[in-house]
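**Student:** The lines below spell out each chain.
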Amino acid sequence: MPEVVIVGAGPAGLSAASVLVEHGLRPVVIDEAKRPGGQAYRAPAAGLDLPMDALLGSESRKYRRLHARFAAIAGQLDHWPETLAWNVQEGKVFTVSRSGIEALAYDALILAPGAVDRLMPVKGWTLPGVYTLGGAQVLLKDQGCLIGRRIAFGGSSPLLYLAALQCRMMGAEVVAVLDTTPFSHKIGAAPKLLASPRTLARGLAYLAKLRSRGIPVRHGVRSLEIAGAEGVEGVTYREASGEIRTLACDAVALGFGLRPEFQLAELAGSALRYDATFRQWFPVCDIDGRLAKGLYTAGDGSAIGGADAAELSGALAAYAVLEDNGASVPQAKLRSLRRRLRRLRRFQEGLASAFAWPHAWLGETQDDVIVCRCEGVTAGEVRRIARAEFGGSEINRMKALSRLGMGRCQGRFCALAAAELSAAALGRPHADFGRLRGQAPVKPLPMSARLEP
Amino acid sequence: MAIGESRPDPSSARLIRVARFNSPRVRIAVDGRTIEANAGESVLAAMLRAGREIGKAEAGGQGRAGFCLMGACQDCWVWLANGGRIRACTTAAADGMEIVTGAPAGFPRNA
Numbered sequence: 008m009p010e011v012v013i014v015g016a017g018p019a020g021l022s023a024a025s026v027l028v029e030h031g032l033r034p035v036v037i038d039e040a041k042r043p044g045g046q047a048y049r050a051p052a053a054g055l056d057l058p059m060d061a062l063l064g065s066e067s068r069k070y071r072r073l074h075a076r077f078a079a080i081a082g083q084l085d086h087w088p089e090t091l092a093w094n095v096q097e098g099k100v101f102t103v104s105r106s107g108i109e110a111l112a113y114d115a116l117i118l119a120p121g122a123v124d125r126l127m128p129v130k131g132w133t134l135p136g137v138y139t140l141g142g143a144q145v146l147l148k149d150q151g152c153l154i155g156r157r158i159a160f161g162g163s164s165p166l167l168y169l170a171a172l173q174c175r176m177m178g179a180e181v182v183a184v185l186d187t188t189p190f191s192h193k194i195g196a197a198p199k200l201l202a203s204p205r206t207l208a209r210g211l212a213y214l215a216k217l218r219s220r221g222i223p224v225r226h227g228v229r230s231l232e233i234a235g236a237e238g239v240e241g242v243t244y245r246e247a248s249g250e251i252r253t254l255a256c257d258a259v260a261l262g263f264g265l266r267p268e269f270q271l272a273e274l275a276g277s278a279l280r281y282d283a284t285f286r287q288w289f290p291v292c293d294i295d296g297r298l299a300k301g302l303y304t305a306g307d308g309s310a311i312g313g314a315d316a317a318e319l320s321g322a323l324a325a326y327a328v329l330e331d332n333g334a335s336v337p338q339a340k341l342r343s344l345r346r347r348l349r350r351l352r353r354f355q356e357g358l359a360s361a362f363a364w365p366h367a368w369l370g371e372t373q374d375d376v377i378v379c380r381c382e383g384v385t386a387g388e389v390r391r392i393a394r395a396e397f398g399g400s401e402i403n404r405m406k407a408l409s410r411l412g413m414g415r416c417q418g419r420f421c422a423l424a425a426a427e428l429s430a431a432a433l434g435r436p437h438a439d440f441g442r443l444r445g446q447a448p449v450k451p452l453p454m455s456a457r458l459e460p
Numbered sequence: 004m005a006i007g008e009s010r011p012d013p014s015s016a017r018l019i020r021v022a023r024f025n026s027p028r029v030r031i032a033v034d035g036r037t038i039e040a041n042a043g044e045s046v047l048a049a050m051l052r053a054g055r056e057i058g059k060a061e062a063g064g065q066g067r068a069g070f071c072l073m074g075a076c077q078d079c080w081v082w083l084a085n086g087g088r089i090r091a092c093t094t095a096a097a098d099g100m101e102i103v104t105g106a107p108a109g110f111p112r113n114a
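Going down the list, the sequences are from chains A and B.
The letter at position 109 of the first sequence is residue 116 when you use the numbering used here, and the numbering goes up by one with no holes.
The letter at position 96 of the second sequence is residue 99 when you use the numbering used here, and the numbering goes up by one with no holes.
Chain A extracted, bound-state conformation:
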């Protein structure tokens, strides 16, 4: 029987594990979190009394089903919680946990690492009190905490609405939802959004609930800035009408869509492709998630699709592993899974245009705005280096010359924006600037960690 390793215990990883267990395999599931669930279905810390059904609304059934599914198979897999997979090389996954470093050999590896928020650097985004949109939700679900008392939500993401509603439900004052995409974009994307009418209806219901609670929702917001000395004191923005407004608040949640965590796929040898709709890079795989021989991917780490698509793609990746190892797999079921996955991916393409990240802003970002929050590199420095002779003509040279992306987050939150900024400064296409090459370890390791011989 092949040794199968899964990285990630969110909806994609758990769904893959469940299919493999059904077929008599015992996969290893490596996950950084203490408890399974990933980000969307993150479970509260032990002892924390949170009304998850109310918070997740129509999605709570799926949340419970996923956790029940895991509980049912927990004895038939090896769950490695609080373990970071930090490199993949020569058929081995390198991990680190409190018990040290290990190199785990695999016959098949399913990478289901998920995604993180894509961020637009705006004035004040490094102030204490500014959090990622996903972070604000994780803090609530995992820790039962709000990021502040009076919260503004800003960016280009359908999750703005859900997150704002969840925080409001738990007692936050939501000063506004500042959606940077015009409402007309959403109408324009309607044909693709109708690929998943239920998901669309859910989004519209969130919007209606926010309105019924009197929460201001602004579409087509521009020139978003966060003000404050020692921390967030307010947000300033330009209405679609041109009027400039300021709102007092003590926290801001920012999200401009999601960015896949494909670093391990890249280190394992996967090719990457630029997607012009999403304006970012994705691993190259087939619909079942095959990246290379013995290497598979699923969930938002492979293509942005949301939790439902993650579950479907996790199952498909598991069936691909089984099929590639000579097992007979139910072809009719595969066809149905693929059909549903394609529909959800089409829906996500619709979302990518309905909530397009406002890349054109980066043509106007003020020079003193910090782009790389780890190393404190500003938009002005990025522009100067992009324009210099022998300068940052692509993003890896930009890194070498500016230190952008050289910090601890390894470019997770700055690289896409920096490439857009450079492209805008030189009038060249974004894709020309490439992407930062992945480096192991994909996250910091303790100096004390070493591989025992």
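It should be emphasised that the hints constitute simulated quantities derived from the structure, not laboratory data.
You may find that some hints are simply not true.
Pairs of lysine-lysine residues, derived as DSS-like cross-links and limited to a Cα-Cα distance of at most 30 Å, are as follows [unchecked claim]: (1) B:Lys59 x A:Lys130; (2) A:Lys300 x A:Lys450; (3) A:Lys450 x B:Lys59; (4) A:Lys130 x A:Lys450; (5) B:Lys59 x A:Lys199.
Cβ-to-Cβ under 8 Å is the rule here; a few derived chain A residues that face chain B [claimed, not checked]: (6) Gln46; (7) Trp93; (8) Val123; (9) Asp124; (10) Gly136; (11) Gln150.
Glycine included, C-beta positions come from ideal geometry on N, C-alpha and C.
Let chain A serve as the given structure and place chain B on it in line with the hints.
**Tutor:** Same frame as chain A, but now just chain B:
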């Protein structure tokens, strides 16, 4: 050991807890000051329910209070008095933990 809610958020807190935590209370020290937390609570949540920031950015020295809260941005690493480092958003507070917000004496710093 006491079970239940650790003390209420002071008005200067950055993060506000809005759900009951029924787990043993633990004590951690931040720069020598004792903070109460619940077992299972993250160091970041404990620090920011009792204060405004978790330390200063290495580049520029601006205050920082975490950012992605899911272990991706690495913005919330803090020092332990014994010289170790932890990522505050993904590390649970443990009784007796001693945190220092600046680098220990003698550690090389950037400007």
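**Student:** Hint by hint, note whether the structure agrees.
**Tutor:** Quick rundown of the hints versus the structure:
Straight-line distance between C-alpha atoms of Lys59 of chain B and Lys130 of chain A comes to about 18 Å, which keeps the hinted pair within the 30 Å bound. A C-alpha spacing of about 25 Å is found between Lys300 of chain A and Lys450 of chain A, which places the hinted pair at or below 30 Å, so the restraint holds. A distance of roughly 20 Å separates the Cα atoms of Lys450 of chain A and Lys59 of chain B; the hinted pair therefore holds under the 30 Å criterion. Taking the CA atoms of Lys130 of chain A and Lys450 of chain A, the gap is about 27 Å. The hint holds against a cut of 30 Å.
Taking the CA atoms of Lys59 of chain B and Lys199 of chain A, the gap is about 45 Å. The hint is violated against a cut of 30 Å. At its closest, the beta carbon of Gln46 of chain A sits 6 Å from a beta carbon of chain B; the interface hint therefore holds under the 8 Å criterion. Nearest Cβ of chain B to the Cβ of Trp93 of chain A: about 12 Å, over the 8 Å cut. The hint is violated. Taking 8 Å as the C-beta contact cut-off toward chain B, the hint placing Val123 of chain A at the interface holds, the least distance being around 4 Å.
With a cut of 8 Å, the hint placing Asp124 of chain A at the interface with chain B holds, because the nearest CB-to-CB distance is about 7 Å. Interface restraint check for Gly136 of chain A: the shortest CB-CB distance to chain B comes to about 6 Å, inside 8 Å, so the restraint holds. Checking Gln150 of chain A against chain B: minimum C-beta separation of about 5 Å stays under 8 Å; hint holds.
Checked against the numbered hints listed earlier, the structure breaks hints 5 and 7; every other hint is satisfied.
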